[in-house]
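In our numbering, the protein residues as written are 1 to 101.
These aren't lab readings, by the way, just hints derived from the structure by calculation.
Among these hints, one or two may not hold up.
As the list claims (entries may be wrong) - Restricting the straight-line Cα-Cα distance to at most 20 Å, the calculated cross-link-like pairs of lysine to any residue (SDA-like) are:
(1) K34 to S69
(2) K38 to S69
(3) K34 to H83
(4) K34 to S21
(5) K34 to D23
(6) K38 to A11
(7) K34 to F10
(8) K38 to G65
(9) K57 to S69
(10) K42 to S17
(11) K38 to F10
(12) K42 to L56
(13) K38 to D48
(14) K57 to D23
(15) K34 to L70
(16) K42 to Y25
(17) K57 to E46
(18) K34 to Y20
(19) K34 to D22
(20) K38 to G49
(21) K38 to Y25
(22) K42 to S69
(23) K42 to Y16
(24) K42 to V52
These numbers come from a predicted model, not from an experiment.
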Amino acid sequence: MAQRDRLEDFAERIHYSDRYSDDAYEYRHVILPKPMLKLIPKDFFEADGSGVLRILKEDEWRGIGITQSLGWEHYEVHAPEPHVLLFRRAIAPQKAPQKRK
């Protein structure tokens, strides 16, 4: 079985948190099944051998099976739990309703 197929087997076991926000961003964390880390390409990890994922580009995190709507960016990794990836996306500024004349 190809590594890509094996990654896809884990895709349905990826957990997506509820979204939460502050004034600037909407956030969510994505929890990968721990055994999935062994199938992720080695160059997706920090070069220091710590076993912590580096910040992934959108095509990379989508390539390992994470599915989200457009606009999300992987911005942080929680080192004690390398299978937890933190994502954010900017909150669009709200347009004030225009007054009718």
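Going down the list of hints, with the structure as the test:
For the hint linking K34 to S69, the alpha-carbon distance of about 24 Å lies beyond 20 Å, and the restraint is violated. Taking the CA atoms of K38 and S69, the gap is about 26 Å. The hint is violated against a cut of 20 Å. Only pairs whose Cα atoms come within 20 Å are accepted, and K34 paired with H83 is accepted, the gap being roughly 6 Å. Only pairs whose Cα atoms come within 20 Å are accepted, and K34 paired with S21 is rejected, the gap being roughly 27 Å.
Under the criterion of a C-alpha separation no larger than 20 Å, the hint pairing K34 with D23 is inconsistent with the structure, at around 32 Å. Among the hinted pairs, K38 with A11 is consistent with the structure: their alpha-carbon atoms are about 14 Å apart, no more than 20 Å. This hinted pair checks out: K34 and F10 have alpha carbons roughly 10 Å apart, not beyond 20 Å. Taken as a hint, the K38 and G65 pair is honoured in the structure, with Cα atoms around 14 Å apart against an allowance of 20 Å.
Straight-line distance between C-alpha atoms of K57 and S69 comes to about 14 Å, which keeps the hinted pair within the 20 Å bound. For the hint pairing K42 with S17, the CA-to-CA distance comes to about 26 Å; that exceeds 20 Å, so the pair is violated. Restraint check for K38 and F10: satisfied, since their Cα atoms lie roughly 12 Å apart, inside the 20 Å limit. Taken as a hint, the K42 and L56 pair is honoured in the structure, with Cα atoms around 12 Å apart against an allowance of 20 Å.
A hinted pair counts as satisfied when its Cα atoms are at most 20 Å apart, and K38 with D48 qualifies at roughly 17 Å. Of the pairs offered as hints, the one joining K57 and D23 is violated, with about 24 Å between alpha carbons and a cut-off of 20 Å exceeded. The straight-line distance between the Cα atoms of K34 and L70 is roughly 25 Å, outside the 20 Å bound, and the hint therefore fails. At roughly 30 Å between alpha-carbon atoms, K42 and Y25 are farther apart than 20 Å, so this suggested pair is violated.
Simply put, K57 and E46 have alpha-carbon atoms about 14 Å apart, close enough for the 20 Å limit, and the pair holds. For the suggested pair K34 and Y20, the alpha carbons sit about 24 Å apart, so the restraint of at most 20 Å is broken. Using a Cα cut-off of 20 Å, the hinted pair K34 and D22 is violated, with the two alpha carbons roughly 29 Å apart. A threshold of 20 Å between alpha carbons decides the hint, and for K38 with G49 the separation of about 13 Å falls inside it, so the pair holds.
Restraint check: the Cα-Cα separation between K38 and Y25 comes to about 31 Å, which exceeds 20 Å; the hinted pair is violated. Taken as a hint, the K42 and S69 pair is broken in the structure, with Cα atoms around 26 Å apart against an allowance of 20 Å. Between K42 and Y16 the CA atoms are separated by roughly 23 Å; this puts the pair beyond 20 Å, and the hint is violated. With a C-alpha separation of about 10 Å, the suggested pair K42 and V52 falls inside the 20 Å cut-off, and the hint holds.
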